[in-house]
Amino acid sequence: MEQQEYINLENFDREYGLADLFPPDLAAGLLRGLADHMAVFILREDGRPYFGKPQNPRHFLEMYKSAGRGSQKTGVCLKVAGRLTAVYPLSHEMETIGWLVFQENEGAPSIDVGVAAEFAATAFNRVIHLKYRDLLTSGLHGQVVEESYNRLKEKARQLQRSETRYRMLAQNLELEVERKTAEIRDTQLMMLHQEKLASVGQLAAGVAHEINNPIGFIISNLNTLGASAEDLSSLLARYAGLVDVWLNLDGEDNIPQEVLDEIANINRLKQKLDIEFIVEDSQALVAESLDGAERIKDIVQNLREFTHPSVKTQETVDLNQCLDTTLTILSGQIGNAVQVKKRYGDIPPVQCFLREINQLFFNVIMNALQAVGSSGEIIISTAAQNNGEVEIIISDTGCGIREEHLAFVFDPFFTTREVGRGIGLGLYVAHNIAQKHNGRIDVKSAEGGGSEFRIRLPHV
Amino acid sequence: MAELITRDRKLIVKLVYYGPALSGKTTNLMRLHDMFDGSRCGEMMSFETKGDRTLFFDLLPVVVRSEDGFTVKFKLFTVPGQVAHDATRKAVLSRADGVVFVADSQISQAMNNFQSFDNLEQNARRVGIDFKKMPLVIQFNKRDLHDITSEEEISRCWQPTGLPVVMSSALKGHGVHRTFRDLLVSTYHYLDATFALKQRYNLSVHHFIKAVPKKIL
Numbered sequence: 002m003e004q005q006e007y008i009n010l011e012n013f014d015r016e017y018g019l020a021d022l023f024p025p026d027l028a029a030g031l032l033r034g035l036a037d038h039m040a041v042f043i044l045r046e047d048g049r050p051y052f053g054k055p056q057n058p059r060h061f062l063e064m065y066k067s068a069g070r071g072s073q074k075t076g077v078c079l080k081v082a083g084r085l086t087a088v089y090p091l092s093h094e095m096e097t098i099g100w101l102v103f104q105e106n107e108g109a110p111s112i113d114v115g116v117a118a119e120f121a122a123t124a125f126n127r128v129i130h131l132k133y134r135d136l137l138t139s140g141l142h143g144q145v146v147e148e149s150y151n152r153l154k155e156k157a158r159q160l161q162r163s164e165t166r167y168r169m170l171a172q173n174l175e176l177e178v179e180r181k182t183a184e185i186r187d188t189q190l191m192m193l194h195q196e197k198l199a200s201v202g203q204l205a206a207g208v209a210h211e212i213n214n215p216i217g218f219i220i221s222n223l224n225t226l227g228a229s230a231e232d233l234s235s236l237l238a239r240y241a242g243l244v245d246v247w248l249n250l251d252g253e254d255n256i257p258q259e260v261l262d263e264i265a266n267i268n269r270l271k272q273k274l275d276i277e278f279i280v281e282d283s284q285a286l287v288a289e290s291l292d293g294a295e296r297i298k299d300i301v302q303n304l305r306e307f308t309h310p311s312v313k314t315q316e317t318v319d320l321n322q323c324l325d326t327t328l329t330i331l332s333g334q335i336g337n338a339v340q341v342k343k344r345y346g347d348i349p350p351v352q353c354f355l356r357e358i359n360q361l362f363f364n365v366i367m368n369a370l371q372a373v374g375s376s377g378e379i380i381i382s383t384a385a386q387n388n389g390e391v392e393i394i395i396s397d398t399g400c401g402i403r404e405e406h407l408a409f410v411f412d413p414f415f416t417t418r419e420v421g422r423g424i425g426l427g428l429y430v431a432h433n434i435a436q437k438h439n440g441r442i443d444v445k446s447a448e449g450g451g452s453e454f455r456i457r458l459p460h461v
Numbered sequence: 077m078a079e080l081i082t083r084d085r086k087l088i089v090k091l092v093y094y095g096p097a098l099s100g101k102t103t104n105l106m107r108l109h110d111m112f113d114g115s116r117c118g119e120m121m122s123f124e125t126k127g128d129r130t131l132f133f134d135l136l137p138v139v140v141r142s143e144d145g146f147t148v149k150f151k152l153f154t155v156p157g158q159v160a161h162d163a164t165r166k167a168v169l170s171r172a173d174g175v176v177f178v179a180d181s182q183i184s185q186a187m188n189n190f191q192s193f194d195n196l197e198q199n200a201r202r203v204g205i206d207f208k209k210m211p212l213v214i215q216f217n218k219r220d221l222h223d224i225t226s227e228e229e230i231s232r233c234w235q236p237t238g239l240p241v242v243m244s245s246a247l248k249g250h251g252v253h254r255t256f257r258d259l260l261v262s263t264y265h266y267l268d269a270t271f272a273l274k275q276r277y278n279l280s281v282h283h284f285i286k287a288v289p290k291k292i293l
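If you read the sequences in order, they're chains Y and L.
Sequence positions in the first sequence follow my numbering and run 2 to 461.
Sequence positions in the second sequence follow my numbering and run 77 to 293.
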């Protein structure tokens, strides 16, 4: 039996017919050996030919239906046109699905078709039953395998999806961690700096307030002291005049010796104390002290401005004034032989956070002061640009920056100063502040040839 | 859903015996087969492993014909109860027109009954059967054994569902007949609503009940 069989994945429990249960190929194979001995036909349930080509197929059915059957046999065997003919039903699940017809050859019959048909019908019905089993089981098995396969496929798809997701996650994880770490580090630095600014500001504001009161009464007292000294001097002069008048009127001879001695003593004391100088100098001392006190008052005032508490709000600021304030604060750091030249231009006001801008200038100027050391020149110039920016250039004649260091000067914790002199945050903070104000800061420098920091900030 | 072949005036109805492993589904079919006189039912087909455990299913075809020459073929299937054969169970359940749930009355099997019933509900949903409308008969089998759940408890549990509940001992043939009859009645009403069996083919519930074997063991 050379036949191709497929497992049908349709419903295994569907109705099966003659073509499914007793395919023509199978019938041909089983009946091949009988063809020489008799005519063999298979009819469909309604009498149409299924296998072989009978002349008058309906005739066989009529014969079967009209014939009375013996109790034992399911088929009939009668002579039709002089030839013995056996008709047996082929059945499946108590239903006739076809007919098996054996008809003896004309002339000399070589075989008993009745016996052969009964045997063959029994065998074929068994084959049909087995084929039914085969179809049911292979169909069901096919369905089950198909379903299991589909379930596995779906599971594999889900696994693949989640695997892809995890792999991508793993790949990105490192980058993500790096990015987050950098973010956290920067935030920490900014917070550290802001904390520092805030505490320094608070401290400075507190100190300034404390100094303000005593300096007030010092100035007041100095003024009073100056006036009192002047009064005392004039009183002293009047007494000296009195002595002169007395001496002129009475002459020395008429004045008692004790008085003359006392006058001589007083004159000696006056000479010894250099009273004339004291009287002259006291005014100068008071004036100088007043000057000093006024300067302290100025510094305190500037300090308060510098640590202006308005961190959170922007205000409109004259940058030239900011630079002046900063310079005042830094005046103590400016060496004797250091010249600071201001070349301020006419610049528009800038909208900014005052305290931060002060800090920016402070850090850059401080850097310049440290670069020049005890002697040199610092030039601070400001100018308005055509593109809506203000440019501030702070240049110095200091030690300059090595070429290989140039790229790092704005990096956090980069410092060329000796340990303890700087932690490397000044220019980093300056850079951050410039960026925060949508501005920028850059540097040109050559080792030994000074540096030039250029700050650009957009104005309103 | 039942297959109606109008050309042949024939209706194919699929009935499935569902339930936990070893609850007696195959025994139910065997007893039915024994009760038929032979002209009504065909050969029973079983696919069992060596230990009498159903591997694929059992199949018992039962045929009735009305006086008008209309044929109704009932195909009675059992599912394999073992948990591992769920895909097979699902395939056998698909297109079922009516279901008998064969529960094991032994107290020790209560959890298995519950799980199997849950599995029936799930599989019905998966193969597109409306579980709430599906004709269903509950059979509590093995009533001949000791340590079984009492009838009071069973009825307390199942009465609210309104489902027919039959006590049986399939091994002895008790209740098998009744279960099949109840299922045929439920299934008839269900299919009549879909196919108008009475109106179009003059098929009444009595024609379905004819499928029940006369002989009672």
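Calculated from the structure, these hints are not laboratory results.
Backbone N, C-alpha and C fix where the C-beta goes; we use that ideal spot for every residue, glycine too.
Just so you know, not all the hints are guaranteed correct.
As the list claims (entries may be wrong) - Computed, partial: chain Y to chain L, Cβ under 7 Å:
1) Met95
2) Thr97
3) Asp135
4) Ser139
5) Val145
Stated by the list, open to error - Heads up, simulated DMTMM-like pairs for lysine to aspartate or glutamate below, C-alpha to C-alpha not over 20 Å straight-line:
6) L:Lys286 / Y:Glu11
7) L:Lys286 / Y:Glu155
8) L:Lys166 / L:Asp206
9) Y:Lys156 / L:Asp162
10) L:Lys86 / Y:Glu46
11) L:Lys274 / L:Asp128
12) L:Lys166 / Y:Asp47
13) L:Lys166 / Y:Glu155
14) L:Lys86 / Y:Glu155
15) L:Lys248 / L:Glu227
Tested hints:
1. Met95: Given a least distance of 5 Å, the restraint on Met95 of chain Y holds.
2. Thr97: Violated: closest Cβ of chain L sits about 12 Å from Thr97 of chain Y, beyond 7 Å.
3. Asp135: The hint is violated - Asp135 of chain Y has no Cβ within 7 Å of chain L, the shortest such distance being about 11 Å.
4. Ser139: At about 10 Å, which exceeds the 7 Å cut-off, the nearest Cβ of chain L leaves the hint on Ser139 of chain Y violated.
5. Val145: Interface hint status for Val145 of chain Y: holds (4 Å vs cutoff 7 Å).
6. L:Lys286 / Y:Glu11: 31 Å, violated
7. L:Lys286 / Y:Glu155: 46 Å, violated
8. L:Lys166 / L:Asp206: Given that 20 Å is the threshold and the Cα spacing comes to 14 Å, the pair holds.
9. Y:Lys156 / L:Asp162: Satisfied, since the Cα-Cα distance of roughly 17 Å is no more than 20 Å.
10. L:Lys86 / Y:Glu46: Given that 20 Å is the threshold and the Cα spacing comes to 15 Å, the pair holds.
11. L:Lys274 / L:Asp128: This hinted pair is violated, its Cα atoms lying about 41 Å apart.
12. L:Lys166 / Y:Asp47: Not satisfied, since the Cα-Cα distance of roughly 36 Å exceeds 20 Å.
13. L:Lys166 / Y:Glu155: 18 Å, holds
14. L:Lys86 / Y:Glu155: At roughly 40 Å apart (the allowed maximum being 20 Å), Glu155 of chain Y and Lys86 of chain L break the hint.
15. L:Lys248 / L:Glu227: Answer holds: Lys248 of chain L to Glu227 of chain L is near 19 Å, not above 20 Å.
Taken one by one, the earlier hints fail for this structure at numbers 2, 3, 4, 6, 7, 11, 12, 14, listed in ascending order.
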